[in-house]
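Participant: Listed below, chain by chain, are the residues.
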Amino acid sequence: MERIIGIDLGTTNSCVAIVEGGTPQVIPNKGGYKTTPSVVAITESGRRLVGQMAKRQAITNARHTVYASKRLIGRKWNSSEVRHCIETCPYEIVQGPHEDVRIKLRDKEYSLPEISSIVLQEMKLVAQEFLGEEPTKAVVTVPAYFNDNQRTATRDAGRIAGLDIVRIINEPTAAALAYGFGKNLDATVAIYDLGGGTFDISILDIHEGVFDVLSTAGDTFLGGEDFDARIIEHLAFEFAREHKVDLRKDEMALQRLRDAAEKAKIELSSMPETEISLPFIHSRDDGEALHLQTTLTRDAFEELVIDLVQRTIKICQATLQESGLEVDDIDDVILVGGMTRMPRIQAAVRDYFGKAPSKQVHPDEAVALGASVQGAALIEGSSDVLLLDVTPHSLGIMVHGGGFEVLIEANATIPTSHGHIFTTVRDNQTSVKIIVLQGESPNAEENEMLGEFVLSGLRRAPAGEVEVEVAFEISADGIVSVQARDLETGKEQSITVTATSGLTEEEIQNMIEENQDYLVELKRDEELERVRGQIRKSVRELEKLTERTISNGDGHLLEHLRERVTRSVEQARQALDSKDTARLNTTADEIQQVLQSVKAAAMGA
Amino acid sequence: MSSIDETLAPRALSGVDFKSLKSPLTPEEFFVLSRVDGSMTVAQLCSVSGLGRPRTMECIESLWKSGLIELPGQTSPAPLADTSSAASSASEADQDPGEELSEAILTRFPVAMDDFAFDRELLEQSVELDDDFKREVVFVYAQLDEVDYYGLLGVSADCGRRELRSAYFSMSKRYHPDRFFRKVLGDYGMRIEKIFQRITRAYQTLSNRKKRAEYDELLEQGRQPAGTPVQASTPLSQRSEPIEEVSSDRKREMAFQLLVRRGDAHLERDDVAAALREFRKALTLKRDHALALRVAKNLKESGEHLDDAVAFARAAHKIEASSVDALRILGELYIMKQSPSDAIYHLERALELRPDDADILAHLHQLRA
Numbered sequence: 001m002e003r004i005i006g007i008d009l010g011t012t013n014s015c016v017a018i019v020e021g022g023t024p025q026v027i028p029n030k031g032g033y034k035t036t037p038s039v040v041a042i043t044e045s046g047r048r049l050v051g052q053m054a055k056r057q058a059i060t061n062a063r064h065t066v067y068a069s070k071r072l073i074g075r076k077w078n079s080s081e082v083r084h085c086i087e088t089c090p091y092e093i094v095q096g097p098h099e100d101v102r103i104k105l106r107d108k109e110y111s112l113p114e115i116s117s118i119v120l121q122e123m124k125l126v127a128q129e130f131l132g133e134e135p136t137k138a139v140v141t142v143p144a145y146f147n148d149n150q151r152t153a154t155r156d157a158g159r160i161a162g163l164d165i166v167r168i169i170n171e172p173t174a175a176a177l178a179y180g181f182g183k184n185l186d187a188t189v190a191i192y193d194l195g196g197g198t199f200d201i202s203i204l205d206i207h208e209g210v211f212d213v214l215s216t217a218g219d220t221f222l223g224g225e226d227f228d229a230r231i232i233e234h235l236a237f238e239f240a241r242e243h244k245v246d247l248r249k250d251e252m253a254l255q256r257l258r259d260a261a262e263k264a265k266i267e268l269s270s271m272p273e274t275e276i277s278l279p280f281i282h283s284r285d286d287g288e289a290l291h292l293q294t295t296l297t298r299d300a301f302e303e304l305v306i307d308l309v310q311r312t313i314k315i316c317q318a319t320l321q322e323s324g325l326e327v328d329d330i331d332d333v334i335l336v337g338g339m340t341r342m343p344r345i346q347a348a349v350r351d352y353f354g355k356a357p358s359k360q361v362h363p364d365e366a367v368a369l370g371a372s373v374q375g376a377a378l379i380e381g382s383s384d385v386l387l388l389d390v391t392p393h394s395l396g397i398m399v400h401g402g403g404f405e406v407l408i409e410a411n412a413t414i415p416t417s418h419g420h421i422f423t424t425v426r427d428n429q430t431s432v433k434i435i436v437l438q439g440e441s442p443n444a445e446e447n448e449m450l451g452e453f454v455l456s457g458l459r460r461a462p463a464g465e466v467e468v469e470v471a472f473e474i475s476a477d478g479i480v481s482v483q484a485r486d487l488e489t490g491k492e493q494s495i496t497v498t499a500t501s502g503l504t505e506e507e508i509q510n511m512i513e514e515n516q517d518y519l520v521e522l523k524r525d526e527e528l529e530r531v532r533g534q535i536r537k538s539v540r541e542l543e544k545l546t547e548r549t550i551s552n553g554d555g556h557l558l559e560h561l562r563e564r565v566t567r568s569v570e571q572a573r574q575a576l577d578s579k580d581t582a583r584l585n586t587t588a589d590e591i592q593q594v595l596q597s598v599k600a601a602a603m604g605a
Numbered sequence: 001m002s003s004i005d006e007t008l009a010p011r012a013l014s015g016v017d018f019k020s021l022k023s024p025l026t027p028e029e030f031f032v033l034s035r036v037d038g039s040m041t042v043a044q045l046c047s048v049s050g051l052g053r054p055r056t057m058e059c060i061e062s063l064w065k066s067g068l069i070e071l072p073g074q075t076s077p078a079p080l081a082d083t084s085s086a087a088s089s090a091s092e093a094d095q096d097p098g099e100e101l102s103e104a105i106l107t108r109f110p111v112a113m114d115d116f117a118f119d120r121e122l123l124e125q126s127v128e129l130d131d132d133f134k135r136e137v138v139f140v141y142a143q144l145d146e147v148d149y150y151g152l153l154g155v156s157a158d159c160g161r162r163e164l165r166s167a168y169f170s171m172s173k174r175y176h177p178d179r180f181f182r183k184v185l186g187d188y189g190m191r192i193e194k195i196f197q198r199i200t201r202a203y204q205t206l207s208n209r210k211k212r213a214e215y216d217e218l219l220e221q222g223r224q225p226a227g228t229p230v231q232a233s234t235p236l237s238q239r240s241e242p243i244e245e246v247s248s249d250r251k252r253e254m255a256f257q258l259l260v261r262r263g264d265a266h267l268e269r270d271d272v273a274a275a276l277r278e279f280r281k282a283l284t285l286k287r288d289h290a291l292a293l294r295v296a297k298n299l300k301e302s303g304e305h306l307d308d309a310v311a312f313a314r315a316a317h318k319i320e321a322s323s324v325d326a327l328r329i330l331g332e333l334y335i336m337k338q339s340p341s342d343a344i345y346h347l348e349r350a351l352e353l354r355p356d357d358a359d360i361l362a363h364l365h366q367l368r369a
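Chains as they are written, first to last, in the numbering used here: chain A, 1 to 605; chain B, 1 to 369.
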């Protein structure tokens, strides 16, 4: 039976896991690390770099290195989040053809699903090494508060990477699965998930292997990156005060600041203070070199970010209220995400929930583990684990006057469906336009638009007399479909809401092809490089052997071969630049033969 | 005469303490029990037992009645009072919890499994589900509207949150679509999903104090004797407001009932057009055969609005293809509309379903003459 891998596609790091012999386990990458940085870069020569490699060269290639792209995925060009990223990111963010966002790396504009697909592909490769076969199906996690457009964009990323994302589940839910798997729990738990880019809180009821999500909420723009940004701001501000230079305008300096900030933040989780030392961070026009040298204490850091911490607690409060529970009803609080290592955050959570948070799950690995648990549960159809997931946002349509009428409330268990009856607004109105929206604002405009369609052919009648039923349905896969029906004639019109990832189907198909081409090319390049290595090795061996034979005074033995050796070495050197596989292979064979002849001749001595 | 379906494959229940049985087994019964392997059908057992069919059937029946074997799909004959409590709890532990649940679920509905008219075609659909479960899904789905939320979940009216949760969770494990991930489900997929959605709604309503109180009130109203005056003017929609949601939290069923009452009220005032409008809306909410038929009959008797009558009769026929009444009324309506060929067509089909119906025969006789 085909297995399903679980992938935590994180803002800063990604992780892949599989259930092996009934136990979920994280698959380490080639470097032996259990997580891989979600960083993608394009080198000057046009090569793609992913993960640790990409992260390492970020300083020298800042403009063409993408990190935290998850913050942009599925977002519209004119959203405030995108504005914010344009201001703070060193890579170039440009407008795409469908109000979407693209990132310009070297000469090419990449869509966000493409960038994510590169990370997914890397995770797929990590799993492939381990499994010994190509995994084609995956459960991928997203922040609970991702809307449909963001989820669709993530699905598209999977398609481009050649992965069938059989299910998208919410990160905190996945963490709960990892926490409760095989434990026979009977508890109400809160999952506090503060990752690199997003914050989520989910409350689950766990009993007899059923994981029932009671409510979930979050902020898709609140995470470790924001904590880093506060440190960067602080350092840049101090530096500017002293030297009158804004380091944030210097791309290289900014990248170094970014690394230093992340490092300092991590160190402050275990130490009361940390040294930040960035020598030669900037040189003045007159050539004077400037250094950044300072100490950051934990207290100072906490002061810088205390409002961020408080924001997460506010969201916890709201969620608890929404689910109709009291703090005392929560049996366990589970911390997930790298940021929860910060002592101030642990303290804030403890203060709010009135109990020490559980440390039973690994904050970086739990999400991927949970995704693999869900993958196994789906494919086995066993009754050990059942996830009752919810839709995180309210779904509805725009009504007269720009209002938003909710049909499916946030936190409804999926699959679900619901219908309402609406009436016409104008006399003799013969058609209605159904605009499908997602969000919590009573104003339609402030919510995310998922799609629209028209139901026409209504009977001409005074306003309010013709009634139309609009029914929403969300499948277990999270796919939304909407149906409108004229209650008089029974005439129907329906759509499956294909939330816009910002890409058209044609574009996705092109990207899938392009990606396959890239992989083929990559494979060919690797093959060429292998043959070149062979040629180089043969040439070296040939030269050494010739030299030794001559120095031994047996040069005459090779006399008859001399011309052939010179010619083939010359040919081999020229062939090394070639990209022609056939030519390289012939050359490799040729030089190998010459080498054999020389060996034989030398042996004759 | 034996009531046992010979195509069923009996299964032996494990963990039964034979010593505690009130009436000890005969060696023959023991022998038959030893042949039961869960895959052989009753008919097959008869042919392999060497005891002959009648004697084997007797043995199987007695084993079944003493609770030593079960016949999947056939409801248990009696509580297993003969086995000691220790034995029965052991058997519970060993038994597949799904089986037990299945039996508990199947007894929640007004129509019993044995009396339920299964749609053969549906049961024969080739899907990746076992036959017992197919029957269960068809059976439960068809009767979703026949039980209230308490009945559906199998809980008492005063049950607490934990009891509710336990009932809902175990049913979820049975009907959540994820259990059938990427399986070929044909017409069963939609049914399973609807069952899950209904139990979810039931759980969410009953586990929320406010919603539960509202629901209880609705139930109370529903139990009022028919004919209780219902304000026909109760507006389903606030007509004064432009585009407004109408049925908000009300159950579809309640909306249906209200529409029917509104229609009836219009009929009383002889406003047939308005009444028909309400009935049509009601039918799009719920494909109710009885309503469609009643309206068609009503119109036929009044002798007016024959086209509408035909439409309603057609709807009734469409909802229940095997409805003789719908076909008969259609035939009669076509007679009234003086289109004999249509009339004959429908009456002949009605006759196929009920070959000795005097009325239909008379009509046809007249038409052919």
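Please keep in mind that the hints were generated in silico from the structure rather than gathered at the bench.
Beta carbons: idealized from backbone N, C-alpha and C, even for Gly.
Possibly wrong hints are sitting among the right ones.
Unchecked claim - Okay, the calculated bits of chain B under chain A, using three or more residues with CB under 8 Å as the criterion:
(1) 125 to 134
(2) 193 to 199
(3) 276 to 287
(4) 318 to 325
Participant: Take the hints in turn and mark each one as holding or not.
Facilitator: Now the hints, each set against the structure:
| no. | hint | in the structure |
| --- | --- | --- |
| 1 | 125 to 134 | violated (count 0) |
| 2 | 193 to 199 | holds (count 3) |
| 3 | 276 to 287 | holds (count 5) |
| 4 | 318 to 325 | violated (count 0) |
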